[in-house]
Amino acid sequence: MSRASIEGDTALHSHGDTHDHGSRKGYRIGTILSILLTIVPFWLVMSGALHDATTTAALIFAMAMIQIVVHVVCFLHLDTRSEGGWSLLAFLFTTVIVVLTIGGSIWVMYHLNTNMMPMPGMDGPAR
Amino acid sequence: MTDHALDHGNALPTTWHLAEEEDHDHSGSGATLLGFWIYLMSDALIFASLFAMYGVVSTGYAGGPVPREIFDLKLVALNTAFLLASSITFGQAMPHMEAGRVGPTRFWLAVTGLLGAAFVTVEFYEFAHLIAEGAGPQRSAFLSAFFTLVGTHGAHVTVGLIWIVTMLVQIGQHGLSLPMKRRLICLSMFWHFLDIIWIGVFTFVYLYGVIR
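Protein chains in written order, with my numbering: chain A, 2 to 128; chain B, 21 to 232.
Note that these hints are calculated values from the structure, not bench results.
Here the structure is a predicted model, which is why all the values come from computation and not from measurement.
Quick reminder that beta carbons are idealized off the backbone N, C-alpha and C, glycines included.
Treat each hint with caution, since some may be false.
Partner residues are not named here, just some residues of chain A that face chain B (Cβ under 7 Å, in silico) [as the list claims (entries may be wrong)]:
#, residue
1, 39
2, 47
3, 72
4, 98
5, 102
If you want the ones that stay clear, here's a sample from chain A, every Cβ over 10 Å from chain B, calculated [what the hints assert, rightly or not]:
#, residue
6, 25
7, 105
8, 116
9, 117
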């Protein structure tokens with residue numbers, strides 16, 4: 002994002018495109034990577050190439066994580082200099098909360114469900 | 021947000037420890053962009069809670085349809101292609117905007133809008149199809165969570181479309197003035213952010229749903 006803001010400012014100050022080249026290159030790399038990281042998981046699942054759901058799941062989640070990082074760095078232009086580091090700090094904080102919220106909820110509720118006493122007339126909670 | 025202090029905004033700190041010294045320079049455009057970034061981060065937390073909810077109840081089928089029966093991955097692949105392509109075309113608009121070229125900026129923005137509209141159309145079709153099949157949001161906990169999560173993302177994309185149309189009109193009226201550039205940078209961040217959320221949706225909801 003700060004790259005965008007820097008470019009916005011430099012353009013406004015007629016300083017030319019000093020940041021332009023690096024940004025365009027990163028953007029092209031990001032484009033190629035994001036297309037690859039989208040096509041490969043879809044191909045893995047739709048073709049059933051691996052015949053193993055666990056490995057496929059691990060691979061598609063790994064590729065999603067990488068693609069999210071690629072998008073944040075190449076498209077949102079997040080780096081250590083963005084707004085004096087505050088963007089990165091906010092992003093890292095958000096990442097921690099996101100991981101805790103999603104991971105924690107699923108972990109706790111999974112164990113809650115599997116450890117629940119079976120009740121007559123139902124095959125599990127919320128099912 | 022005012023623009024009068026923008027002339028001071030060029031001296032962005034290059035390293036972390038300079039942040040405090042340079043702090044007083046963060047006015048104008050930089051402050052808006054940081055503020056908008058923090059909005060995006062809080063929006064990410066909304067989506068995190070929706071993903072968490074979906075993850076918790078994603079096997080709560082209540083005897084109803086399971087993901088493998090109702091998800092059409094070809095349709096999802098098409099939708100993913102639309103949204104990813106729209107992110108890329110928005111990236112094409114930005115250098116033109118920075119250079120102040122009105123025509124190409126509007127062209128790529130319009131292409132982005134059309135791709136986004138195609139995404140929303142396909143999503144509406146998918147939702148209508150599911151509801152017609154009896155797999156509506158009231159069928160099971162899994163489907164309630166699915167419609168809430170994917171629907172919230174779709175609502176964001178729809179808001180983004182309204183924003184794009186607004187920008188197309190305003191660029192026509194004001195040209196690429198300073199406030200317009202700032203708004204377009206915010207819109208580009210919003211649009212790329214929605215594509216990032218979609219990565220989570222197509223991986224966690226659709227692809228993982230079909231193979232689990």
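Against the structure, the hints come out as follows:
no.: 1; hint: 39; result: holds, 6 Å
no.: 2; hint: 47; result: holds, 5 Å
no.: 3; hint: 72; result: holds, 5 Å
no.: 4; hint: 98; result: holds, 6 Å
no.: 5; hint: 102; result: holds, 4 Å
no.: 6; hint: 25; result: violated, 7 Å
no.: 7; hint: 105; result: violated, 8 Å
no.: 8; hint: 116; result: holds, 15 Å
no.: 9; hint: 117; result: holds, 13 Å
Against the hints set out earlier in the document, violations occur for numbers 6, 7.
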